Every structure is written in C-alpha cells, then in structure tokens.
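> Sequence:
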Amino acid sequence: LEVIPSATMSANQSRSAGTAWGEASSKGDIGASVKYGITSTITLDATVNPDFSQVESDAFQVEVNQRFPNFFSEKRPFFMEGAGIFTLAGQGNDNSLQSAIHTRRIADPVFGAKVTGSIGRLTFGSLTALDQAPGRNLPDGDPDTGKDRLFNIVRGQYSLGPSNYVGALAVDSEFAGGYNRVVGADLSWRVSSAQRISGFALASTTRDPHAQDSKSGVGLQGGYDYSTRRLVLVGYGEHYDKDFQMDTAFINRVGLTSGWGFAEYSFYPPKTKTWLLRLSPFSFTQGGRDRFAGGNELLQVSGIRARFARNGNFRADRFDGFETWAGRRFDRARYRMFGGVQLYRWLSVDGQLSFGDAVYYDRIDPFQGRSRDSNVGMTLQPSGRLSQSLNYRRVVFNRKATGDRVYDLDLIYSRTTYQFSRQFFVRSILQYDSSRSRVLTDFLSSYELRPGTVVFAGYGSLIERREYLDGQWISNRGDYETSQRGLFFKASYLHRF
Numbered sequence: 479l480e481v482i483p484s485a486t487m488s489a490n491q492s493r494s495a496g497t498a499w500g501e502a503s504s505k506g507d508i509g510a511s512v513k514y515g516i517t518s519t520i521t522l523d524a525t526v527n528p529d530f531s532q533v534e535s536d537a538f539q540v541e542v543n544q545r546f547p548n549f550f551s552e553k554r555p556f557f558m559e560g561a562g563i564f565t566l567a568g569q570g571n572d573n574s575l576q577s578a579i580h581t582r583r584i585a586d587p588v589f590g591a592k593v594t595g596s597i598g599r600l601t602f603g604s605l606t607a608l609d610q611a612p613g614r615n616l617p618d619g620d621p622d623t624g625k626d627r628l629f630n631i632v633r634g635q636y637s638l639g640p641s642n643y644v645g646a647l648a649v650d651s652e653f654a655g656g657y658n659r660v661v662g663a664d665l666s667w668r669v670s671s672a673q674r675i676s677g678f679a680l681a682s683t684t685r686d687p688h689a690q691d692s693k694s695g696v697g698l699q700g701g702y703d704y705s706t707r708r709l710v711l712v713g714y715g716e717h718y719d720k721d722f723q724m725d726t727a728f729i730n731r732v733g734l735t736s737g738w739g740f741a742e743y744s745f746y747p748p749k750t751k752t753w754l755l756r757l758s759p760f761s762f763t764q765g766g767r768d769r770f771a772g773g774n775e776l777l778q779v780s781g782i783r784a785r786f787a788r789n790g791n792f793r794a795d796r797f798d799g800f801e802t803w804a805g806r807r808f809d810r811a812r813y814r815m816f817g818g819v820q821l822y823r824w825l826s827v828d829g830q831l832s833f834g835d836a837v838y839y840d841r842i843d844p845f846q847g848r849s850r851d852s853n854v855g856m857t858l859q860p861s862g863r864l865s866q867s868l869n870y871r872r873v874v875f876n877r878k879a880t881g882d883r884v885y886d887l888d889l890i891y892s893r894t895t896y897q898f899s900r901q902f903f904v905r906s907i908l909q910y911d912s913s914r915s916r917v918l919t920d921f922l923s924s925y926e927l928r929p930g931t932v933v934f935a936g937y938g939s940l941i942e943r944r945e946y947l948d949g950q951w952i953s954n955r956g957d958y959e960t961s962q963r964g965l966f967f968k969a970s971y972l973h974r975f
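Positions 479 to 975 (this note's numbering) are the ones given, in order, by the sequence shown.
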C-alpha cells in the first residue's frame, strides 16, 4: 500500500482593464493518491482532488483552418500508467479512430480510480472518473451549469496465445441526464511471423441531455499487416454511421466509409556504402465516402524514404487526388519533404517542407487555395545536465484563383532543462503563436527526494497583443503585454505501509 498526500498553493491574476491588474485570487488545495496491491497481479490506483499543475504546457499547434481536431497527448501520470490495456487492436495509423480511450477527454477530475491486472490468460482494466469541467464551462444561464460528467470504462483482453488476443470494451459517460454508451469487441491475430489481422466492432447509444429520443450507430474496422525485412503491405477498411458517437475517443470523423492500402519495398546497399543504410520506395492509396461532407475522396501518395548513418533520415513524397468539403470537390496535389540527422552527439537537427493545393475549410464559402508549410528544429545537449530544444514553423495560405494572401502564421517553441543534481532540475518553456498574437511562458523547478516525495514551484504567464477599447479587449492591436500570470507551489509525500 502506497499513499501520496499532496498540497498545492496557487495565486493567479488577470489584467482587468488597460494597465490595471485585477485582484489576485489565491487558493490552497489538498489531494491524495493511493496505490494498493490487491494481489500480486492486480493493482488499484485512486486519486482524490488531483492537481496536475506540474505537467508541462502543451506545445502550440496550428489551429487556423484545420479540418480535423488537433491531438494533444496525455501527460498526467495517473492516466498514463497502465494506459496500454485500453488500446483497441488496429486503432491509430491512418484510420479515423486514433484512440478509443483518450483520457484528455477527462479534463478536470475530482476523483479517479483504476483497477488493472491479470488472472491467468485474462488481462483487464477499469477506469472511473468524475470530471467537473464540462458543466463548469457551460455559458451562464445554461441549466446544466455546475454539473459533472461521470466516466466508467471496463476493458478486458483474453490471450489466445503469444501476441494473439480477443478483447471487449464497455464505456459509459453520464452528464446532466444524458448519456453515451459504447460496447464493442476487438481481435488481434498473428497468422504467421510476418502476418497479422486485426479489427474491432463498436456500437453506441447516445441521448443528449435536452433530447427525448436517443440515437445509435456502429463503428467497424478491419485490417491486414504483412511485414518482413524488405516488404511491408498494409490494408485497412473502416465504416462509421453518422450517429456513431464515443465521448471517450479521439476520432477524426464519423459518417465515413473508407479504405486504404500501403506498400513499401526496402533496398539495403552494400556495407561498403556506410553512409546509406536503407532506401525504401512506397505507395499509399486511400479512398472513401464522407457522408457529412457530401461526397467521395481519393488520395494517392507516392514517395521514397531513406535511412542514413548518424540516425539520419529523409522522406519525399507527392500527393494526388481530391477531397470533398461542404458538397464541393477540391484538388489535393501536394509535395512534402522531411529530414533529420544527429550531426554530433550533442546536436541533432530536423526539418520539413510541404507545398501545393490546400482547402479553406469554411462551411459556407470554402475555396481552393495553395499553402506552404515549413518547419525546422534542433536539439542541443552540450552536457548531461543541459538540454535545449528549439522549433520554428511557418504556414502561408494563398487563394489559388487570385494569389491573394489569406493568412500566414508563425509558431516558435523553446524548451530548456537543466539538471543540477539527480534530485533537482529546472525547466523553462517559451511559446509564440502569431495567429493569436500570444506568448506563453512556463517555468518549473522540482526537487525529488525520492519517487513520490517531491516539491514543485512554478510560474506561468500569458502575454498577448491586444488593446482595451470601449470596455472590451480587441485582439491583434496595440502592444504585447502580460494578460495573465500565476504562481504555484506543490508538495507531495510518499508513505508506504
């Protein structure tokens, strides 16, 4: 039995008008985490009133003109531990369902409990969490303001032999009298050392809090993988009803029937050519129908990948085909290049460039455009104590018919870490997003006496370019100034019984 009580003190302040700061809001909070070995193979993890203030900020992503939602990975230790048991066979890759249980959907839990373990051939996991964020973030006057969402997830896998299993999943999300319930099964079967088949079937039933009737839908996916040292063949098909819904999932879109195939063959040059390790031409084809967008789509990608000495890699490919958005068909001819290399033990660099056709995803007036997306990054580690990452991305979008500039944006990300000793480190993150004219700062220091017994101190601020005019803030005008800032102090102590 392990118990980790924690205490957090925080102070936050926002600029109210002009140069005036509002009154600082201070708050103290306590919480606790528990780990209990029910048996030698079954473990209970629980947390009450957890505080994740020490988790680093998400890196800025391009949020302008995105057809699909941005994916942010889980960083909170409670949800990361044992997360693999909740993975469905075949999810991810170029399929619409990226994650069936994406715990970032649980935004601000006041309580969470997990049971994970195995009995014989059965591996299982359950997750229960009460999330206070959804009701709290509703607009004033909404009858569901202040209500919490309850998640219950149960998962099991039964081993059919080495690397083979059949699984089941049940999910229930309850909010303000409404619900979303999903049940399903999946299969992963290694036919031979080079071949695998996988797939899942899901069925959902959903009722909106303010609706009388419920809606239901199914989601299906199946795939085949063949992989040897030289040849890789992959094929997947998927179907999602328009009314399929899964609140715990990260899924790009529903109302879709699609399939894709991938083929790659690798050449290995003679060992005398020590600089070139592998050369792999490949082809990817995807097609289907999006019933919400109102049409068909087709994508053909042809390219080549290379691996070099010093962890070097390079990829170049070309897009061809079309996509449908808001009932209209748009071209998607595009070129892309990616590369990276470990120049020295202490320096690695990487970059990418893509340009060609693009779509302005407006539901009322979409149009064909051309864009250029470039990115360059480096990681510097002059010593075992210091690590510095720096990344710059620029996106430019023009209207294809006239060449007029629609938008351009710049993203800059810097992360610096210095490890003074095994117990003590400091971290600094600076981010800039020109599309929102904002700079985010995130500073953290941590002293870990032993795992679980840690003291954190942090400071964060949001710097924005905006102007206070006629009683309201107007973005992208005036000078950059700090609009929000906050301090926190957190301590936790691990006690074993």
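Calculated directly from the structure, the hints in this document are not laboratory data.
All values reported here derive from a predicted model rather than from experimental measurement.
Heads up, some of the hints might be wrong.
To be verified - For each label pair, taking beta carbons as the anchor points, the in silico distance ranges come out as:
| # | residue 1 | residue 2 | range |
| --- | --- | --- | --- |
| 1 | Thr-706 | Ser-637 | 43 to 49 Å |
| 2 | Thr-735 | Gln-897 | 47 to 53 Å |
| 3 | Ala-811 | Asn-789 | 28 to 34 Å |
| 4 | Pro-483 | Arg-668 | 41 to 47 Å |
| 5 | Asp-586 | Phe-921 | 33 to 39 Å |
A virtual CB, placed ideally from N, CA and C, is assigned to each residue, including glycine.
> Hints the structure violates: just list their numbers, smallest first.
Hint check: 1, 5 fail, others pass.
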